[in-house]
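Asks: One-letter residues, chain by chain:
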Amino acid sequence: MDDPRSEIRDAFEREQAAHPPAVGLRPATVRAASTRPRREQPNLQWLAMVATIVIGVLVVVALMSSRLTNRGAISRTPASSAATTSPAGDYGPPPAGVNLIYVHDPGHRTWLIGYDWSGKPRATVKLDPTQTAVTMAPDGQRFALGLYAKGGNWQFLDSVGKPIGGPTALPGVINPRWADDNKHVCGITLDQQTFAWTLWTQLPGEVAKRVAEIARDSGIGQSFVGLVGCSFKNDTAVAVRTLNVPSEYWVIQLSTGKLLKHQDDLPPMAGIVASDDASLIAENSTRSTGMIDAPASSTRSATTIRFLMKDTVVATIDGSMGVLAFSGDKSLALVTLAPWVGGQPAHLGVVELSTGAVVWQDDGTTVFDWFVVQPGGRSFALSYSASGQPGPGPATVLIVSGDGTAIKLGVYSPTWW
Amino acid sequence: MQQAAVVSAEGDREGDFDFLVGPHLEAGYRTALAILRDPDEAHDAVQEAAFKAWRRIKQLRQAGSARAWFLAIVANQCRSTRRGRWWSVVRLPRVDTGRQEFDSDRNDIGSALAKLPAEDRLALFLHFYLDLPLEEVGTVLGLSAGGAKTRVYRAVKKLRPDLEMS
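Residue numbers (our numbering), protein chains in the order written: chain A, 1 to 417; chain B, 1 to 166.
Hints are not guaranteed to be accurate.
[Unchecked claim] With a straight-line Cα cutoff of 16 angstroms, these simulated EDC-like cross-link-like pairs (lysine to aspartate or glutamate) come out:
| no. | chain 1 | residue 1 | chain 2 | residue 2 |
| --- | --- | --- | --- | --- |
| 1 | A | Lys126 | A | Asp90 |
| 2 | A | Lys310 | B | Glu119 |
| 3 | B | Lys158 | A | Glu7 |
| 4 | B | Lys158 | B | Asp131 |
| 5 | B | Lys157 | A | Asp265 |
| 6 | A | Lys261 | A | Glu248 |
| 7 | B | Lys158 | B | Asp108 |
| 8 | B | Lys149 | B | Asp108 |
| 9 | A | Lys258 | A | Asp235 |
It is worth saying that the hints were derived from the structure and are not from the lab.
Isolated chain A, as found in the complex:
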């Protein structure tokens, strides 16, 4: 009698060998399961049919409604046709609860156009003539006027551009950034007397809150401590000390100032990038940038993505790629596909972390400015300098989605500088 065990096992073995599990299956799956919101996904055929009918009816109603209320005002194609002329429309006040991307209306210097993440213009915010240097919160529901100006005096504006409280006073703040709750701004100051680096948070209309002293230098110009993540959802901030390359980082609890983690003696890397909720970090290989002159023997061969607190590796990607940002749902990374020097054309791509697949890439010929991440979603808004010079100014603005599609909104000055 033949025992079929070995024959059957060999057949399955050949089948399985051709399709091994994805690298990082375990950490990625555990993370996805633990962070996914509770939501039933019934796979019912009748439900699909009913949903199709309902959606069809809603689309018809929505189209009829938009024709009645915004006749002649809204272009239904937000793609490249919008690039050459201003929409010159007044789309009204921002709809409640909709995340928007704001750009300056080229036809009205103090107007902002708010696009939703499908690329449709949904709002016009009319600022005071003096309010031009605004930076949007990630959800587009607030703005900060003069956030990056020297002095630490910025003014919070609400969703329609009205001031909230008075100007802030956080002298010497360096690279302030919006927190993931879209309400706070976080920043680090360097005391010119004690050379202490201190973490602060600021709410509109309130006095800035001192969270903790992070580190202290022995003199001026010894190092730079920057903030790479500030999450009120996870009650966590991440600060990195840089001495040409990152040398150490701290994880601090925002509510208490408690030091949750301190990692020093880092291997050589080009930079550290955190997800919006500060739960993931990417350690970018020194090979991902053309700016660092590191000996080949000391370069980190791969760019590594890991859970911040557990150090568990989620994914590794080729060291020639550097992570610029994670998508809001942390399933994707916006990366430079080839070593990049700021101010030079960048070859950008979007990588699916669970598979390593590049779901979108540009042609690598345009000077990349910056980006904004869709809160909780799978899209990025990117701006490419229209003048070829990096920095604030007209830029070609794209929305890139996780399904690999890109929508060109046009040439605008974005509000994420």
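Could you slot chain B onto chain A? The hints should help.
Replies: Leaving out everything else, chain B in the frame of chain A:
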């Protein structure tokens, strides 16, 4: 029971989950691949199964084997995926992919395995490839150990009528 003790510690739910289910995720993927024969769908199925396991982790207090418990969830998810194919294919036609050809299909036993009903393939996979004892095969299939043995035996007979199981 070890699992109950670990799950009852409320401090680190993600750590508990990783401890209990993490070691079986690869087996889950391999099981899904054996049923669905599509690596993308298999990855999706194991992700979905992991989420369901996360929500039901406390059920492990009554379960003797985290492996069989999780593989049963994977198998159910794969059945749902197979049932859902008719409309997903209509919605998202994949012109260039279709079912992927497996090397194992090119030989006799592989070809015969490919033609077996999914439940029979699953029984053989669990018992002969993952080396699950019949009690655990039964748990995954929703059968008693005796029922699992019968299922495996009949699947082998379909595969090779001339073969006998030892």
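Asks: Now tell me if each hint is right for this structure.
Replies: Structure-based check of all given hints:
Between the alpha carbons of lysine 126 of chain A and aspartate 90 of chain A the distance comes to roughly 9 angstroms, so the proposed pair stays at or under 16 angstroms and holds. Of the supplied pair hints, the one linking lysine 310 of chain A and glutamate 119 of chain B is violated, its CA atoms being roughly 39 angstroms apart against a limit of 16 angstroms. With a CA separation close to 14 angstroms, the supplied pair lysine 158 of chain B and glutamate 7 of chain A stays within the 16 angstroms bound. With a C-alpha separation of about 20 angstroms, the suggested pairing of lysine 158 of chain B with aspartate 131 of chain B is violated against the 16 angstroms cut-off.
With a C-alpha separation of about 62 angstroms, the suggested pairing of lysine 157 of chain B with aspartate 265 of chain A is violated against the 16 angstroms cut-off. The hinted pair formed by lysine 261 of chain A and glutamate 248 of chain A meets the criterion: a straight-line CA distance of about 11 angstroms does not exceed 16 angstroms. Among the hinted pairs, lysine 158 of chain B with aspartate 108 of chain B is consistent with the structure: their alpha-carbon atoms are about 13 angstroms apart, no more than 16 angstroms. Proximity of lysine 149 of chain B to aspartate 108 of chain B is assessed by CA-CA distance (about 24 angstroms); at most 16 angstroms being required, the pair is judged violated.
For the hint pairing lysine 258 of chain A with aspartate 235 of chain A, the CA-to-CA distance comes to about 11 angstroms; that is within 16 angstroms, so the pair holds.
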